[in-house]
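Colleague: These protein sequence lines are chains W and L, in that order.
Residues in the first sequence are numbered consecutively from 0, following numbering that gives the first Met the number 0.
Residues in the second sequence are numbered consecutively from 0, following numbering that gives the first Met the number 0.
Just so you know, these hints were derived from the structure itself, not from any lab.
This structure is a prediction, so every number in the text was calculated from the model and none was measured.
Glycine is no exception: its CB is placed at the ideal position from the N, C-alpha and C atoms.
Check before you lean on any hint, since a few could be wrong.
If you want the footprint, here are the derived chain L segments under chain W, 3+ residues with CB under 8 Å [what the hints assert, rightly or not]: (1) 22 to 34; (2) 310 to 323; (3) 327 to 337.
With the C-beta cut set under 10 Å, the calculated list includes, among others, these residues of chain W facing chain L [to be verified]: (4) R21; (5) L25; (6) Y69; (7) Q128.
Here's the letter readout for the chains.
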Amino acid sequence: MIRLESVSKTYAANGRPVAALRDATLMVEAGQFWAVRGKSGCGKSTLLLAAGGLLRPDTGRVWLDTQDLYAIPAEQRATLRADSIGFVFQQFYLIPYLNVRDNVLAARLGKSDWSASDARRRAMTLIEQFGLADRVRHRPGQLSTGERQRTALARALLNQPRVLLADEPTGNLDDENSRIVLECLGRFAREGGAVLLATHDPRAAELAHHRIAMSDGRLLSDS
Amino acid sequence: MDALGLTFGDGITVKIASLVFSEIRHRKLNSLLLLVAVAVAVGSSVGVMTLLRAYQVRTVRRVAALDDEVRKIMKNMGFNITILPQDQNLLDFHASDFAEKTMPIQYVDRLANSPDIVTINHLRPALIRKIEWPERNRQILLMGVSGIVPFKHRDNKRPLTQPVPQGTMDVGSVLAVELSLEQDDEVILRGRKFRVGKVNPQRGTKDDITVWIDLKEAQQMLDMPDKINLIQALECNCASIDRLAEIQAEISALLGDEVQVIELSTTAIARAKAREGVKVEGQAAIDRLERLAAVLLPLVVVGAGVIVSLLTAVNVRDRRAEIGILRALGVRSRQIMRLFVSKAAVLGCAGALAGYAIGFLGVAGAETGGSAGGVTASDLYGSGLLLSVLLLTPVVAVLAAWLPAVAATHQDPAVVLREE
Chain W
0 MIRLESVSKT
10 YAANGRPVAA
20 LRDATLMVEA
30 GQFWAVRGKS
40 GCGKSTLLLA
50 AGGLLRPDTG
60 RVWLDTQDLY
70 AIPAEQRATL
80 RADSIGFVFQ
90 QFYLIPYLNV
100 RDNVLAARLG
110 KSDWSASDAR
120 RRAMTLIEQF
130 GLADRVRHRP
140 GQLSTGERQR
150 TALARALLNQ
160 PRVLLADEPT
170 GNLDDENSRI
180 VLECLGRFAR
190 EGGAVLLATH
200 DPRAAELAHH
210 RIAMSDGRLL
220 SDS
Chain L
0 MDALGLTFGD
10 GITVKIASLV
20 FSEIRHRKLN
30 SLLLLVAVAV
40 AVGSSVGVMT
50 LLRAYQVRTV
60 RRVAALDDEV
70 RKIMKNMGFN
80 ITILPQDQNL
90 LDFHASDFAE
100 KTMPIQYVDR
110 LANSPDIVTI
120 NHLRPALIRK
130 IEWPERNRQI
140 LLMGVSGIVP
150 FKHRDNKRPL
160 TQPVPQGTMD
170 VGSVLAVELS
180 LEQDDEVILR
190 GRKFRVGKVN
200 PQRGTKDDIT
210 VWIDLKEAQQ
220 MLDMPDKINL
230 IQALECNCAS
240 IDRLAEIQAE
250 ISALLGDEVQ
260 VIELSTTAIA
270 RAKAREGVKV
280 EGQAAIDRLE
290 RLAAVLLPLV
300 VVGAGVIVSL
310 LTAVNVRDRR
320 AEIGILRALG
330 VRSRQIMRLF
340 VSKAAVLGCA
350 GALAGYAIGF
360 LGVAGAETGG
370 SAGGVTASDL
380 YGSGLLLSVL
390 LLTPVVAVLA
400 AWLPAVAATH
410 QDPAVVLREE
């Protein structure tokens, strides 16, 4: 479903080149849950951003099914992202002035294939599923960290993506909320989605079907 | 706040609008500063324009009031311009109370038929001579006059005087007393029979010893066919301080150097001078305000534009993470751009309304009322200014926000999401 082919990316840091990704090759099929483990700064986030069509690699290619993500114009890539890829981040990135329901519905800004009532119905289903029904009118500042991440997860799932990219989604969460989030990722994979999780938490990685270590921009092993 | 609750159908524009309004409410300080910048710029511009209008209205009103006063004075005063033959010596004219020299009556027709004569009204030709009234053994001033000769190329005003019908004479008051003449008396003047049509009231001038008869009869009596020795006229109220030179130049352009013009100094002239003074003073104030506006308005617009641009840039910086996640969610560049320019447009509209209200009401409050020369708020209101403000302000705000908005669309979501 999503395939990285010899992807490399180098940043300039303090005038010196820093290789964030070195010849990374990885394929995540539908129904698979992959975890990429590694220390902070090893390149996990860069890998996810490149996989999600947000960061053009210096070399190599990224495929979503049969589409080379970086061979198409940025606007077309944005549409593809809105249609097929969901993101979850450690910092949640909720929009501070929108309530829970509207933050979830923000995922519809880039799309117009559902009616507004369908979108609201789907959003409310997800909100209830993540135990946020009584928080629907609350803004992010009024939510706990766990509630924020669950809101972000609901937003990522609203468009019924085929791929879920999760960058340290449990990094700020307590055990209970971590469990809810990881269970959700597992369920998404079981229902036919592809999950790529970047984490430095061994317990989170344990739940994945496949684990791969990352160090200094290189994918090291498969299990 | 149910920000996206306003959505209906699949209208992305509506969703963006909801997002814009929610963000405006959320980032109150940024929004308020932007609104204030626009409102101050619009308010000061509208204030200057309204002040300018107040000066214009007041000047026009004062000039009109003085015009009216001059018109009333002139109406009572009669003719105040005398056109004489060029070779008439003025010392002799004033000493003898009439002009010895004559000119053809056709001059009057040439003046009346010319479209270039605009500074005088009410042309009346006359032939005056000091003669003996042998039947009464008395020296009199005989004045042959016609009716007012109408101007061919303009609407003529109501005649100042009525013609003296043939076979009748009007008599000055002193002469009437001296000769025991009354209205409807039959008299003989140099062998011709006349009826006294009117005895004029005392004026304290040479008119009191004058006899007026029809011009043609006078020309026949004096054996001076088609001759006149003066043309009386009333100067137009539109003339300037240097009106005599203007009138002279206008007439000379038509008749060459064959006539000279003298002006009877009266209170009307003093009023006319006052009117000109008010007009000049008012125009000077308007000119000063226009110069101020010419400097202030561009400065205000540019200044407000810079502030809007800076505040939008700050807003873009504050919303880096939001831009990043929206891009990650597949929101396109033009939608991101619309978020920022729409905010500028919305606050531009609100600022325009607030600024117009402040600028207009502030100046209208100060410029209307008791000592404000009768200027009212409705005199100062102009829908053109309001429309211009409401249309142009959002456009300027959008233009000012354009570059920061473009910068927002160029933000790399990967960089933002990695760094935040």
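Colleague: Next, verify each hint and record whether it holds.
Modeller: Here is how each hint holds up against the structure:
With 4 residues having a Cβ less than 8 Å from any Cβ of chain W, the stretch 22 to 34 of chain L passes the three-residue criterion, so the hint holds. Residues of the stretch 310 to 323 of chain L with a Cβ under 8 Å from some Cβ of chain W number 3, which satisfies the need for three, so the listed coverage holds. For the stretch 327 to 337 of chain L, the proposed coverage by chain W is satisfied: 7 residues have a C-beta within less than 8 Å of a C-beta in that chain, meeting the threshold of three. Interface hint status for R21 of chain W: violated, as the beta-carbon distance to the closest one in chain L is roughly 17 Å, over 10 Å.
Because the smallest distance between the Cβ of L25 of chain W and any Cβ of chain L comes to about 18 Å, over 10 Å, the interface hint for this residue is violated. The interface hint given for Y69 of chain W is broken, as the beta carbon of that residue sits about 12 Å from the closest beta carbon of chain L, more than 10 Å. Because the beta carbon of Q128 of chain W sits about 19 Å from the nearest beta carbon in chain L, more than 10 Å, this interface hint is broken.
The structure fails to meet hints 4, 5, 6 and 7 from the earlier list, while all remaining hints are met.
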